[in-house]
Amino acid sequence: MEALKQELKERIIEVLNLEDITPADIQDTEALFGDGLGLDSIDALELIVLLDKEYGIKLADPKQGKEIFQSVETMAQFIAENRTKL
Amino acid sequence: MYAINKFINIQKDAIFENGICLFKNEEDGFSAFMKRVYKERGINYPKFYKMDDLCKLAFIAAELLLGDEEEKDIALLLSNREASLDTDLKHQQTIQDAAAYFPSPAVFVYTLPNITIGEISIRHALKSESAFFIAERFPAERMQQYAQYLLKTKKAVKVLCGWVHFLNGEYRADFYLVETHGNIAHTIENINEITK
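Chains as they are written, first to last, in the working numbering: chain A, 282 to 367; chain B, 20 to 215.
Calculated directly from the structure, the hints in this document are not laboratory data.
Treat the hints with caution; some may be incorrect.
[Stated by the list, open to error] No farther apart than 20 angstroms at their CA atoms in a straight line, the calculated lysine to any residue pairs in the SDA-like style are these:
| hint | chain 1 | residue 1 | chain 2 | residue 2 |
| --- | --- | --- | --- | --- |
| 1 | A | Lys-347 | A | Asp-316 |
| 2 | A | Lys-344 | B | Gly-48 |
| 3 | B | Lys-69 | A | Leu-367 |
| 4 | B | Lys-66 | B | His-143 |
| 5 | A | Lys-339 | B | Met-20 |
| 6 | A | Lys-366 | A | Glu-288 |
| 7 | A | Lys-366 | B | Pro-122 |
| 8 | B | Lys-66 | A | Ala-312 |
| 9 | B | Lys-174 | B | Lys-66 |
| 10 | B | Lys-58 | B | Gly-48 |
[Stated by the list, open to error] Which residues of chain A face chain B? A few of them, derived with a C-beta cut under 7 angstroms, are:
| hint | residue |
| --- | --- |
| 11 | Asn-298 |
| 12 | Glu-300 |
| 13 | Ile-302 |
| 14 | Ile-323 |
| 15 | Leu-326 |
| 16 | Glu-327 |
| 17 | Lys-334 |
Just so it is clear, CB atoms sit at the ideal spot from N, CA and C, and this is done for glycine as well.
Using the sequences and the hints, build the whole thing.
Quick look at the structure:
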């Protein structure tokens, strides 16, 4: 799980163009939206594409994203339980 | 008569304000050059990094032109030859393979040239009239007439006019601000000189 969380942090920084932020700057339980990393609605869509492209997970209901994308911790947990790509 | 006090030209690895060189590109490419200007100007606007190259170019040109501008009633009239083709091509690459069909929302939102106007408006809190014209070359006459109409009818206090081009790594921006008083007469001859 720790390796997956590290990988996720690197991918989030890459796909969302988070300049001047390193994986070490993102805490596992830190909020990704709102006061945390300050991501926006387009970033949320980009994270949905990331789940599909890298982990083979298609979100049937985009509203699921609110819970899944709370933090790197919740994302990693969801990916570990639902991934179809290794 | 209407006039121009300030104009910005970005081309061939250099940035000029009223013809005086402000920055020379000593970096590897366009993105690094724009990032250096962003850093040296002390700009704190993380969304800059998410913009496509056309918007980064327009953003930096507007930033330099409107740096100490307090007026908020500024209309925006931009133009280029190829709309958002550079980003359109990037988007197309993400959807051409049915087996790897992963269009990027962050790329897709930049597949319209008037997003440049949106980014400038958000940054400078402008809620003004705007238009983006696609033309083979800078439409100096149309821009002059449109800008003067906006000023004359009091639909704007100032008008930012500009050419913003980015395609396959080649880039150019020529931005100028039209107002009621200033040093350079707002004539087609002077506009052509600024954007030549």
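Hints, verified against the model:
1. A:Lys-347 / A:Asp-316: 15 angstroms, holds
2. A:Lys-344 / B:Gly-48: Violated. A:Lys-344 to B:Gly-48 sits at ~40 angstroms, over the 20 angstroms cutoff.
3. B:Lys-69 / A:Leu-367: 29 angstroms, violated
4. B:Lys-66 / B:His-143: 13 angstroms, holds
5. A:Lys-339 / B:Met-20: Distance ~60 angstroms between A:Lys-339 and B:Met-20 Cα, so the pair is violated.
6. A:Lys-366 / A:Glu-288: 14 angstroms, holds
7. A:Lys-366 / B:Pro-122: OK: A:Lys-366 and B:Pro-122 at ~19 angstroms, within 20 angstroms.
8. B:Lys-66 / A:Ala-312: 18 angstroms, holds
9. B:Lys-174 / B:Lys-66: Violated - the C-alpha atoms of B:Lys-66 and B:Lys-174 are around 29 angstroms apart, more than 20 angstroms.
10. B:Lys-58 / B:Gly-48: Given pair B:Lys-58, B:Gly-48 holds - Cα atoms ~16 angstroms apart, limit 20 angstroms.
11. Asn-298: 5 angstroms, holds
12. Glu-300: Since chain B brings a Cβ to about 4 angstroms from A:Glu-300, closer than 7 angstroms, the hint holds.
13. Ile-302: 9 angstroms, violated
14. Ile-323: 5 angstroms, holds
15. Leu-326: 4 angstroms, holds
16. Glu-327: 5 angstroms, holds
17. Lys-334: 5 angstroms, holds
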